[in-house]
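Q: Listed here are the chains, written in short residue letters.
Number of protein chains: 2
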Amino acid sequence: MSGNLPDDLFRSVLFTDLYELAMGQAYLAEQMDQQAVFELSFRRMPAGRNYLVAAGLDDVLDYLEHLRVTENDLAYLREKLHFTDSFLERLRHFRFTGDVLAIPEGTPVFPGEPLVQVVAPIFEAQLLETFVLNQVHLQTLAASKAARVITAAAGRQVIEFGARRAHGTDAALKVARCSYLVGAAGTSLVLAGKIYGIPLFGTMAHSYIQAHKDEAGAFAEFARMYPQTTLLVDTYDTLQGVQKVIDLGRTLGNAFRVHAVRLDSGDIGALAKQTRAMLDRAGLQHVQIFASSELDEYEIARLIQSAAPIDAFGVGTRLAVIQDAPHIDMAYKLVEYAGEPRMKLSADKIVYPGRKQVFRKSENGRIVGDTVGRYEEKLEGELLLQVVMRAGKRLPAGNVSLEDARRYAIDQNKRLPEWLLSLDQSETPYPVAISEGLSLELDSVRQLLRPG
Amino acid sequence: MSGNLPDDLFRSVLFTDLYELAMGQAYLAEQMDQQAVFELSFRRMPAGRNYLVAAGLDDVLDYLEHLRVTENDLAYLREKLHFTDSFLERLRHFRFTGDVLAIPEGTPVFPGEPLVQVVAPIFEAQLLETFVLNQVHLQTLAASKAARVITAAAGRQVIEFGARRAHGTDAALKVARCSYLVGAAGTSLVLAGKIYGIPLFGTMAHSYIQAHKDEAGAFAEFARMYPQTTLLVDTYDTLQGVQKVIDLGRTLGNAFRVHAVRLDSGDIGALAKQTRAMLDRAGLQHVQIFASSELDEYEIARLIQSAAPIDAFGVGTRLAVIQDAPHIDMAYKLVEYAGEPRMKLSADKIVYPGRKQVFRKSENGRIVGDTVGRYEEKLEGELLLQVVMRAGKRLPAGNVSLEDARRYAIDQNKRLPEWLLSLDQSETPYPVAISEGLSLELDSVRQLLRPG
Chain A
6 MSGNLPDDLF
16 RSVLFTDLYE
26 LAMGQAYLAE
36 QMDQQAVFEL
46 SFRRMPAGRN
56 YLVAAGLDDV
66 LDYLEHLRVT
76 ENDLAYLREK
86 LHFTDSFLER
96 LRHFRFTGDV
106 LAIPEGTPVF
116 PGEPLVQVVA
126 PIFEAQLLET
136 FVLNQVHLQT
146 LAASKAARVI
156 TAAAGRQVIE
166 FGARRAHGTD
176 AALKVARCSY
186 LVGAAGTSLV
196 LAGKIYGIPL
206 FGTMAHSYIQ
216 AHKDEAGAFA
226 EFARMYPQTT
236 LLVDTYDTLQ
246 GVQKVIDLGR
256 TLGNAFRVHA
266 VRLDSGDIGA
276 LAKQTRAMLD
286 RAGLQHVQIF
296 ASSELDEYEI
306 ARLIQSAAPI
316 DAFGVGTRLA
326 VIQDAPHIDM
336 AYKLVEYAGE
346 PRMKLSADKI
356 VYPGRKQVFR
366 KSENGRIVGD
376 TVGRYEEKLE
386 GELLLQVVMR
396 AGKRLPAGNV
406 SLEDARRYAI
416 DQNKRLPEWL
426 LSLDQSETPY
436 PVAISEGLSL
446 ELDSVRQLLR
456 PG
Chain B
6 MSGNLPDDLF
16 RSVLFTDLYE
26 LAMGQAYLAE
36 QMDQQAVFEL
46 SFRRMPAGRN
56 YLVAAGLDDV
66 LDYLEHLRVT
76 ENDLAYLREK
86 LHFTDSFLER
96 LRHFRFTGDV
106 LAIPEGTPVF
116 PGEPLVQVVA
126 PIFEAQLLET
136 FVLNQVHLQT
146 LAASKAARVI
156 TAAAGRQVIE
166 FGARRAHGTD
176 AALKVARCSY
186 LVGAAGTSLV
196 LAGKIYGIPL
206 FGTMAHSYIQ
216 AHKDEAGAFA
226 EFARMYPQTT
236 LLVDTYDTLQ
246 GVQKVIDLGR
256 TLGNAFRVHA
266 VRLDSGDIGA
276 LAKQTRAMLD
286 RAGLQHVQIF
296 ASSELDEYEI
306 ARLIQSAAPI
316 DAFGVGTRLA
326 VIQDAPHIDM
336 AYKLVEYAGE
346 PRMKLSADKI
356 VYPGRKQVFR
366 KSENGRIVGD
376 TVGRYEEKLE
386 GELLLQVVMR
396 AGKRLPAGNV
406 SLEDARRYAI
416 DQNKRLPEWL
426 LSLDQSETPY
436 PVAISEGLSL
446 ELDSVRQLLR
456 PG
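Chains A and B, in that order, give the protein sequences.
Residue numbers are given in the numbering used here: position 352 of the first sequence equals residue 357, and the series is strictly consecutive.
Residue numbers are given in the numbering used here: position 280 of the second sequence equals residue 285, and the series is strictly consecutive.
Each hint should be verified, as a subset may be incorrect.
Identical copies look the same in the list; a pair holds intra-copy or inter-copy alike.
Here are the simulated EDC-like cross-link-like pairs (lysine to aspartate or glutamate), alpha carbons at most 16 Å apart as the crow flies [said to hold, decoys possible]:
#, residue 1, residue 2
1, 85, 252
2, 218, 35
3, 199, 408
4, 218, 38
5, 349, 219
6, 278, 84
7, 398, 104
8, 366, 84
9, 366, 387
No lab work stands behind these hints: they were computed from the structure.
Can you make the complete structure from the sequences, with help from the hints?
A: Structure below.
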C-alpha cells in the first residue's frame, strides 16, 4: 500500500466530511442557494483556562482562496460515491465567492464569541466546515497553551521543541507557528523555520554523545564545529557532564565560546542550582543554562518560583499535544439563512441566532468586558470581527504577516487584566454579556421554533 | 502572509529538528559514518491502558523510500542556516540506504519493546528521528484508543467522525486510517476514504434542518434524495423529531427506506430507549438507532451496560485527540554504533543497550508473555521484529495493504488475553521479561560507562 498523499492535500475540497457533500447535492437539487451565515465559536472555557488566543485564520483564508477539486477527485466522487453528474459539474467549478469576518489572530477570545463568520451561498459555506474547524480548533488551542507557557517563563526565552510528539506533520508545523505567534523565540522544526520564517534552535542529541568514545571528546568535537553551541550534559551524569564542559573551557581558554549547557533529565531545579554554582566558580558566568524535560507552564512556574537559575526553556510534548486541554467544544453553526435568523435547540447546545458582532471595552489600556450583540447593533467598544475576505479575495486585514501578527498578539497579551494571566482558573470569568438586541432575537426565534 | 505548504511536505528532509542536521554535519566533518542501530520504543504504559497497538509503519517506510531534498531546501539551509557546502552536497544526494525491522502494524505492543529498528549509517538513521517518532507516536496512540472503542462497542458498528477536532489535517487522516486498521467500519472524512480506500459514512448536519422551513420538510427532502439515509432528529426536540420520521414513514408507506435515526445530544441512553419504543410501536423495527455526542470507550460501555438499544456509534473528538492519553514517552535511541552497544544513563530514562529482538509466547491461541532479548539470541516464541526494508527498498513484509493489515490487527486483538481487554488498567501488567543475555549486556556496558 502506498501512504502517498496528494500534492494538493492542503487545499483539497475532499478534506471534508461526507455529509457536507451530501447536503450540497441536496441543496442543489432543492434549488436552495441563498446566502447563509455560519459562525464558529466555542461554548465553554476549558478547565484551568481564563482566556484563549484566536489563531488559525491565515490557513483558513489560504484554503478558501485556493480551494480546488481535481479531475481525480471528481472521478472518485462519481465512481465510488455515486454523486450525480449535475452536482459534480457544480463542484468542478467550485470557487469560494463569499465574505469572511474574523477576530484577528492573536486576540484573546472568550466563550460565545464568533471567531470566524462566513457569509456565502449555503453550499459554499457548508462545505468548508471541516477544514475551518480543524485548523481554528487546533491553532487556537496551541496558541492559548503557548501563551500560558510564555507567561510562566516571565521573560525567559521559550523554544518550541515538540515536533516529534505533535499529532502528525500538520500539527507539528502549526504548533511551531502558533507558539511563535504568541512570543516563543523559535522552534526546532526546520520545515517550520523555512515555511514561516521562524528562528530555528537546536542543540545536540544524546545519540551524538553516545556515538563518541567519550563525552569529553564529543563536547570538544561539537564545540569545534559550532563554537557557540549548547552542550547536552545529562547523557551519563549531569554534574560530571558540566565538569567536562568546564574542563573544555580550561583547555580552550579564550577560544571557548560555548553558549549554554542543557539539562534534560533528573531534578532540573536542583541540578540548575548546582550547575550554576559550578560554572560560576569556574569563571563561566556567561555560560547559560537551558532546561528541557517534560516542561509546561506549571513546571516552569514551579522552577522559577524555586529560583532555579535557568535562562531558557525548551518546551515539547505537553505544549505540542496541548496536554491539559486537547479539545474544546468549538462548533461552526448556521445562524442565518436567506436573511432569517436560525438556531437549534438541542439540549445544552444552544447557539444564539442571527449574525453577530463582538464589542470589547477597555479601561486604562486593559480589556474589561465584551458584549456579543447583533451585527447591526451600535454598542460601545472596539469591534472585534473585521472583514478579512470579500467575494473570495483577501483584504489587507486578512493578509497579515506572521511578524505583524506576533507583535499584535504580544501587545494584546499585555492588555489582559492581571487576574486573567494567572495559571489557575480565576473564580470569576472575564465578563461576556449578551446585548439586549440579541436576547430579544433569541426569544423571538425560540418562540417560532418551539415545537408543539 | 501565505500559509502555502510545499507540495512535497510529507517527504521533506526538512521535517526534522535542527539538531539532526547539525549533528549530521558534525558526523561528516568527523568522518563518522559507520553503521548505527536506533530503536524506537516507549517506556511506560499510559494510565488506564493494558496494551498498545503498533501503527504508523507504512508512512515511515513511504517516507524513507521517497525522502528527498529540493534545491529550494538546500538554498534555505545554505542562506539562512549557513550549513557548509560539503554537507549540503552530501544532503543533495541523500537517499536512505539502510535496513528497517519493525513489529507489524496491528500488533499489540508493550513497554520496552522496539517497535521500529533502523540499521543504517549514523547520519541517515539520525536524520529521520523526528518524522519516525511523529508518525509512530500519533498512529500507535490512535490505533490503541480506537481498539478500546471497538472493544467497548462489542460488535456494534463504530464510525470515526473526528476530522474537525483532530490536531490538523495529517492527524485527521491518520486517525481515520488507524481506526479502520483496528476494526472501525469507516470514517466521515472523504479524503481518507479516497487515499486509503476506507468506507465513508455520513448523515446530515443540524444546519440542513435549520435551513429548511420545518424539520418534517427537511426529512422528506433528504429521504427523497437519499432513500436509505440516516435522519438527525435532535435539532429542536429529539422525540418530536422521531415522531416526524414515523410520520414520514406513514406518508411514504412501502417507499420508506430510511435506514436509521441519529441521536446527537441529551441523555442518549434514555432517548435511545424511548426512540426504540416509538419506532417499534410504529412498525419501524428495521429503522436503526445511531448515536454520537461526546462518545468514547467509557461512555459506549456505559450505554451498552444500561441496555441502550443503539446499533452503531459515531465517535469523534475524544478518539481524534486521544483524549485520555494524548502522548507517551516514546523515544528513538541509539543502541549500537560501529558494532558496539551504546546506552545512556540519564536518570529514569535508561534504554537497554544493543540491538534487540522481541520473543512472544502464546498458549491456546492467546499471548502469554514476551521476552526482550539480544538480536542474535535464540529464545522461545514468535519473533516480533521483522525485516520490512532492506537497503532502502521495501520488502513484502513492509508492503502490506490496509485491508490485510486490518484483518491481521483484528485477529491479533482476538489473541489478547481477556484480562487485557478490560477498559480499566489491570493490576498486573502483561509480562515482558528481559533475557539473561540482555541483562548481562546492560551490566557490562554500564560498567564501561559508569563515570568516576
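Q: State the violated hints by number, sorted upward, taking the hints as numbered earlier in the document.
A: Result: hints 1, 6 and 8 break, sorted rising.
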